[in-house]
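Chemist: Listed below, chain by chain, are the residues.
Protein chains: 2
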Amino acid sequence: MGLMKSWVRSANAAAAPFPLNNLPYGVFSAAGAPPRCGVAIGDRILDLAACERAGLVRAGGALTGDSWNAFMAQGMAEWTALRARLTALLAEDSAERGAVEPFLVAQSGAVMHLPIRVAEYTDFYSGRHHATNVGTMFRGAENALPPNWLHIPIAYNGRASSVVVSGTDIRRPWGQIKGRDDAQPRFAPSARFDIELEMGAIVGMPSTGPITVAEADAHLFGYVLLNDWSARDIQGWEYQPLGPFQAKATATSISPWIVTAAALAPFRCDPPAREVALLDHLKDDGPMLFDIDLSVTLAPKGQPASTITRTNYNEMYYSAAQQLAHHTTSGCPMRTGDLLGSGTISGPERGNRGSLLELCWGGKEPLTLDTGETRRFIEDGDTLTLTGAARGSGYTIGFGECTGTVLPAHPDPYARKTR
Amino acid sequence: MGLMKSWVRSANAAAAPFPLNNLPYGVFSAAGAPPRCGVAIGDRILDLAACERAGLVRAGGALTGDSWNAFMAQGMAEWTALRARLTALLAEDSAERGAVEPFLVAQSGAVMHLPIRVAEYTDFYSGRHHATNVGTMFRGAENALPPNWLHIPIAYNGRASSVVVSGTDIRRPWGQIKGRDDAQPRFAPSARFDIELEMGAIVGMPSTGPITVAEADAHLFGYVLLNDWSARDIQGWEYQPLGPFQAKATATSISPWIVTAAALAPFRCDPPAREVALLDHLKDDGPMLFDIDLSVTLAPKGQPASTITRTNYNEMYYSAAQQLAHHTTSGCPMRTGDLLGSGTISGPERGNRGSLLELCWGGKEPLTLDTGETRRFIEDGDTLTLTGAARGSGYTIGFGECTGTVLPAHPDPYARKTR
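Heads up: the protein sequence lines correspond to chains E and B, in order.
Under the numbering used here, the first residue of the first sequence is numbered 1, with each subsequent residue one higher.
Under the numbering used here, the first residue of the second sequence is numbered 1, with each subsequent residue one higher.
Bear in mind the hints are in silico, worked out from the structure with no lab data behind them.
Treat the numbers as computed from the prediction; the structure is a model and nothing was measured.
Careful, some of the hints might be misleading.
Here are the simulated DSS-like cross-link-like pairs (lysine-lysine), alpha carbons at most 30 Å apart as the crow flies [said to hold, decoys possible]:
#1 E:K283 x E:K364
#2 B:K178 x E:K283
#3 B:K283 x E:K178
#4 B:K301 x B:K364
#5 E:K178 x E:K5
#6 B:K364 x B:K178
Cβ pair distances, simulated, as ranges [to be verified]:
#7 B:D169 x E:F138: 37 to 47 Å
#8 E:A73 x B:G60: 28 to 38 Å
#9 E:Y414 x B:L150: 18 to 28 Å
#10 B:D169 x E:E379: 47 to 57 Å
#11 B:L145 x E:A415: 27 to 37 Å
#12 B:A183 x E:S10: 27 to 37 Å
#13 B:S10 x E:A183: 57 to 67 Å
For every residue, glycine included, the Cβ atom is placed at its ideal position computed from N, Cα and C.
With these hints in hand, go ahead and build the complete structure from the sequences.
Modeler: Structure, rendered in structure tokens:
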């Protein structure tokens, strides 16, 4: 399948991120109106709240709210029907262009909001190169992968209240820190603040008991870019034995557009060979990974951006479907709007690593930017930007960017009570 | 302060759990009407939705919904005002008895629901005897307490979707399990299913940046009994290095009545002596623990209950206020309805331990019930019940019970999709 042409001309360039093949869903506001649901097409957003009110699309009123949750909860048949209807309305030969065109809004004039109300946020650890790199740094090459790692997609529960949309500034956190050679811990701003390049999978359909891998795949509505901001020095002191907590609770940024599982179907690819056979309940069920190019840039304040890593979502060891299946084994109820972080996605080479921790090997091997500056971890004023693209024949499925600028820590964190 | 007398006679007995001094808040349904807010007094519930509609209390409509979240978000001044108004309405000498009495409902005919919409659930590990017991079993007496334990109230994020109200049956979970001597993991029902006797603190007022210990205390609306059901065999295999996940995701039960911080004020007590000084941001700020007797009974199916442990909430090393202060150090936003589990509350002796893991020392020292049966972990059909009481001079502040019966694991967890 090649490019599907739209009468919105800006959607038809081979490198345009939002062609008719994509149709990603977001929540936007423009011209003083409240946040509402929209779909990106070329350099425009189609106002779906207005379209639903005008009777151009039907979703039981689910598109007039300020999140996609109500629509996601309706399930696969409705997801398929809306996508088909939007494809027809926006196709080059659409007879309804005249009715639709008044509801297009320029992306350049719109503010994007979180596309979902995040119910709960779970962060996995399913990138093998990342787990191997981190394990090697902390436990040595012989014990790099934890014993359970090849058997289950291990994870911890993250903090949903800290998920923010791309573009939100990130305040460098304070925390309790104790270095290996410190006699006592101290309360100080994090000096090892980092990114984690991840994808986020969004649960559309809820569940109340264990679900199979195949069922789990059909519960996933779509995908976003995700940056799990991480304070490595806070993490090092707090994480044993209960896992990461405040080190990961400052913020997690996601890209504003949900690229649907349907749009990504042409980019499905096979999981890796299994060194150890997976138990039946986690077994691979067809091509459940996705071929999506990922990269990160770092721009010091007022300076141009340097690309610091390039990798691909197909480096995952476990698919989002396997993660969701594991998540339900205990009977854990899953809800519409649950967000599953993939875990940091690193590739095999140094230039493919998804965190500064790995890129600079714990601070020992500084990274040189295009500007000549070096970095071990994030410095105040740095802007970190994740991008993603699935590359089809003559078209691109883009995600929009996932960006954030790190502000200096407050001199006194208790003097000021707002973010 | 002694017993405050009410014209609801059943509230005036010294051992009655819901005297006028208590006034705990819950959500109930009765006589086919939908769930709504109520306050317990003696053996009755005062229907606060009806009272608000009748103009007897004013809370901006917050009492007519099916949770306490809207009211909790209004803050301390409103909390104080409602308590004062209810105290006046229900006092022995109230002139408004005639107007209020029609809105009393018998507790025996009511169904209790979750009193809050749980925003997120965090489980701490702040009981020193518990942490010492578990650490001794897993790492030996020399390394029982993790190095960070005396410096921060460590915690992991739990799963809010799995929080259920007392009385909900608990289905024994399946999970991936690998014993120390097993060559490979297997997928099987948990054979080491356990309770954790905890208290839960409920965040009423939200926050968006670091808050002090004193500020944190004023954000806490009230307290419930909490049983964090735990699959020890699943936990043993999954928890390194990211902490507990599916082992704690089957269910967490809470008691139906929120006992307010105001009702517990007379029972505040001092924290323990600090072996290692706390850093300034976590320092004790007055008497922030509570003297509340706690116990657990176990009843095998169709048989009488045996008390298996007695302890007290004053065994905590960190207060809920210190836990909440730590939770916000990173800037983590806290929301109305966040639930903070205390961690398992064990006392110094065997008879004071808050989990079967500790009571039976990992299964090595079976417990003999009053019926002569023995237990190492929970068996199918067992009913576990937590109770709590703060004992004043001539009155008692009760919590209502937190109970659950464990049902057998499904023969095939994938054959059936409901809890």
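Chemist: With reference to the structure, classify each hint as holding or not holding.
Modeler: Outcome of the hint check:
Between K283 of chain E and K364 of chain E the CA atoms are separated by roughly 39 Å; this puts the pair beyond 30 Å, and the hint is violated. Only pairs whose Cα atoms come within 30 Å are accepted, and K178 of chain B paired with K283 of chain E is accepted, the gap being roughly 18 Å. For the hint pairing K283 of chain B with K178 of chain E, the CA-to-CA distance comes to about 18 Å; that is within 30 Å, so the pair holds. Only pairs whose Cα atoms come within 30 Å are accepted, and K301 of chain B paired with K364 of chain B is accepted, the gap being roughly 24 Å.
Using a Cα cut-off of 30 Å, the hinted pair K178 of chain E and K5 of chain E is violated, with the two alpha carbons roughly 57 Å apart. With a C-alpha separation of about 19 Å, the suggested pair K364 of chain B and K178 of chain B falls inside the 30 Å cut-off, and the hint holds. Checked against the given bound of 37 to 47 Å, the beta carbons of D169 of chain B and F138 of chain E, roughly 42 Å apart, stay inside it. In this structure the hint that A73 of chain E and G60 of chain B lie 28 to 38 Å apart at CB holds, the actual value being about 29 Å.
Taking 18 to 28 Å as the suggested C-beta distance range, the pair Y414 of chain E and L150 of chain B conforms, at roughly 23 Å. One distance hint, 47 to 57 Å for the beta-carbon pair D169 of chain B and E379 of chain E, holds here, with the actual separation near 54 Å. The beta-carbon spacing between L145 of chain B and A415 of chain E, approximately 33 Å, falls within the hinted interval of 27 to 37 Å. Between A183 of chain B and S10 of chain E the C-beta distance comes to about 59 Å, which lies outside the given range of 27 to 37 Å.
Distance hint check: the CB atoms of S10 of chain B and A183 of chain E are about 59 Å apart, consistent with the given range 57 to 67 Å.
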